[in-house]
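Listed in order, the protein sequences are those of chains A and B.
Residue numbers for the first sequence follow my numbering, so the first one is 30 and each next one is one higher.
Residue numbers for the second sequence follow my numbering, so the first one is 30 and each next one is one higher.
It is worth saying that the hints were derived from the structure and are not from the lab.
The structure presented is a predicted model; accordingly, all values stated were derived computationally and were not measured.
Note that CB positions come from ideal geometry on N, CA and C, so glycine has one too.
Among the clues, some could well be false.
These stretches of chain B come out as covered by chain A in the derived footprint (C-beta under 8 Å, 3 or more residues) [as the list claims (entries may be wrong)]:
1. 328–338
2. 341–352
3. 355–361
4. 371–382
Not everything, but these chain B residues come out facing chain A in the computed CB check (under 10 Å) [what the hints assert, rightly or not]:
5. 48
6. 365
7. 388
8. 390
2 protein chains.
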Amino acid sequence: MEHTYAVIMAGGGGTRLWPLSRRNRPKQLLPLIGEETLFQSTVTRLEGFLPPERILVVTVAEQAAEMRVQAPQIPAENYIIEPAPRGTASVVGLAAAILHKRDEQAVMAVLPSDHFIRNRDLFHYLLTAAEGVARQDYLVTLGITPTFPSTAYGYIQQGAALIGDYKYPCYAVVRFKEKPDDRTAQAMLRTGDHSWNSGMFIWKTESILAEMRRQMPDLTAVLDQITAVVDTPRLESVIKELWFDLKNETIDYGVMEKAERVAILPAGGLGWSDVGAWDSLFEVLLPDMSGNVVTNGHHLALETHNTLVYGLPGTERLVVTIGVDDMVVVDANDVLLVCKADQAQKVKNVVEHLRKHRQEIYL
Amino acid sequence: MEHTYAVIMAGGGGTRLWPLSRRNRPKQLLPLIGEETLFQSTVTRLEGFLPPERILVVTVAEQAAEMRVQAPQIPAENYIIEPAPRGTASVVGLAAAILHKRDEQAVMAVLPSDHFIRNRDLFHYLLTAAEGVARQDYLVTLGITPTFPSTAYGYIQQGAALIGDYKYPCYAVVRFKEKPDDRTAQAMLRTGDHSWNSGMFIWKTESILAEMRRQMPDLTAVLDQITAVVDTPRLESVIKELWFDLKNETIDYGVMEKAERVAILPAGGLGWSDVGAWDSLFEVLLPDMSGNVVTNGHHLALETHNTLVYGLPGTERLVVTIGVDDMVVVDANDVLLVCKADQAQKVKNVVEHLRKHRQEIYL
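Put together the whole structure using the sequences plus the hints.
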């Protein structure tokens with residue numbers, strides 16, 4: 030596997046975990062689950078699968094310094110700075126172009142920096158299996174077998190099983206689907222052939238660059254110019270010069286939905302979560318007998334069930350709950366959030382409201 | 030009405046309003062409703078009915094200094110210090126003895142310091158009516174016409190209407206009843222002849238001292254010794270000397286339940302609350318269209334109904350609620366309480382727990 034690389038995508042914010050995640054304290058840099066930050070876990074999760082020299086991190090300038098502190102094992106030249114966010118298609122393209130110049134046989138695993146995976150052994154096993162499929166010129170997605178009809182995730186429908194000697198069942202992809210409404214989510218769960226789109230991909234740099242050349246000529250033109258200066262002192266300035274003209278595009282919409290050889294490994298048992306909002310963070314924390322989770326702080330509970338009490342590290346406040354069910358209570362010092370767990374997605378509406386009313390101190 | 034006095038009983042704590050009320054910050058000294066503290070409102074509510082010179086305050090040493098600051102219009106000699114809490118019977122007896130020595134024709138209105146009454150005109154009217162009944166040698170209680178089957182109040186059952194020229198319908202008392210269970214409370218509400226025991230009484234000092242002489246000889250023996258030194262420099266030391274031997278007794282149990290001439294004025298429309306717990310405080314605050322009440326602070330509400338967000342004066346925290354119904358959220362800086370409104374009585378269990386576990390900083 031000496032030609033296998035990981036590309037960690039780490040530019041985003043995560044407004045749905047507000048008031049914990051803030052502009053200058055994005056989700057992936059926070060220790061949301063255990064001692065490590067989500068970014069650190071994404072790096073250490075690769076231990077035993079890849080050496081840190083083969084991990085690339087694509088991020089924005091504001092976050093790079095903190096990331097270097099959090100993951101000093103990754104060589105400095107492996108941090109690639111995106112001058113401005115232009116969507117996951119350009120991130121993937123940039124990483125693919127750089128890797129391909131350095132190693133024409135490269136296979137890259139694209140990994141979000143802010144997801145959680147409990148089962149590291151299975152994760153390594155699936156990456157190895159996916160790598161085998163990718164070597165057959167497939168663009169491979171890691172799907173997550175759904176456990177409930179979520180409306181917060183995109184879905185991928187699988188078709189026929191791939192013929193070949195693979196280490197895990199894998200299938201051709203029929204289509205990608207955007208976040209569904211309630212009914213559609215329930216219908217897809219019943220069919221048994223839909224997976225959640227985890228945003229994790231494995232492919233040869235050669236395969237993804239070829240698909241981009243076919244579907245995204247503008248991006249490819251930029252990537253060609255960048256390729257010419259990879260590992261020269263001009264790289265950074267060339268990226269800066271070309272980046273702002275790029276169209277904002279996701280890898281799903283820009284490439285995957287119309288790509289030709291797309292495969293999926295529908296995985297269960299990973300203990301995966303995108304930690305996208307308070308309800309999904311709640312799911313991966315380990316509750317007590319009453320279904321409650323308490324982090325960082327004192328909690329006194331009377332008649333309290335299925336409730337997350339999330340204190341910022343360092344808050345010393347005593348939180349008392351009486352007669353509280355299915356709630357999320359977040360104490361972020363300057364902000365207190367009390368939210369029904371099944372309405373956690375609405376936190377982003379609050380952030381939008383604050384932005385609109387220019388309440389910058391809370392953003 | 031020159032022989033009419035008010036006696037404000039102000040020694041208690043109020044653990045059910047924790048974490049707002051604390052050992053050194055008892056309920057009556059807090060501005061729970063509007064700008065005035067409950068104690069200040071109890072004093073100013075008497076304006077136009079009594080001059081401040083005819084208001085006595087019975088309290089404990091730890092609270093007296095703060096009360097003098099909050100109500101400077103009351104003469105210093107009208108503050109009577111109870112060396113230690115010995116129940117409302119001794120408080121009433123002590124005030125009655127002192128008043129009776131100063132004015133043998135005195136009628137005293139006994140008023141808790143920590144209740145709320147919205148309708149001051151009606152309150153004055155009822156006190157005047159009750160004073161007329163008390164002049165006929167009745168021990169008069171102000172009842173509150175129940176509006177729901179509360180299990181948090183004691184009840185008083187009324188009997189026959191009193192014959193006489195009174196300014197408000199008044200009745201003989203059949204019996205006093207302790208806080209009931211749910212079923213009993215509902216049954217009493219249906220009968221239409223039960224009132225909540227407000228803890229407000231009006232009587233001649235002569236009448237109450239006579240009943241005490243009949244039912245509480247030990248207390249009377251102490252009161253006789255105190256009477257001998259009223260308005261001498263020895264008063265304070267004599268009270269101190271005798272007080273600790275007194276039995277702890279309430280006026281209800283010690284006197285009223287077996288007293289001979291007891292009358293009740295069952296009052297509605299006072300806008301009365303004992304502000305005994307968070308749910309009853311909530312009742313007297315004025316809600317917005319969604320039934321929410323917010324004090325002192327910023328609040329952003331999505332899908333939030335019938336919820337009280339109570340911030341300590343001076344807390345600048347932003348409180349965000351999403352999908353929250355019928356809750357009480359209290360932000361007291363070092364403690365955060367989230368409580369279903371109908372379980373507000375359980376706050377006292379939390380205080381007991383903290384006391385048992387010696388978590389003094391939160392008490």
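So which of those numbered hints doesn't the model satisfy?
Violated hints: none at all, because every hint is consistent with the structure.
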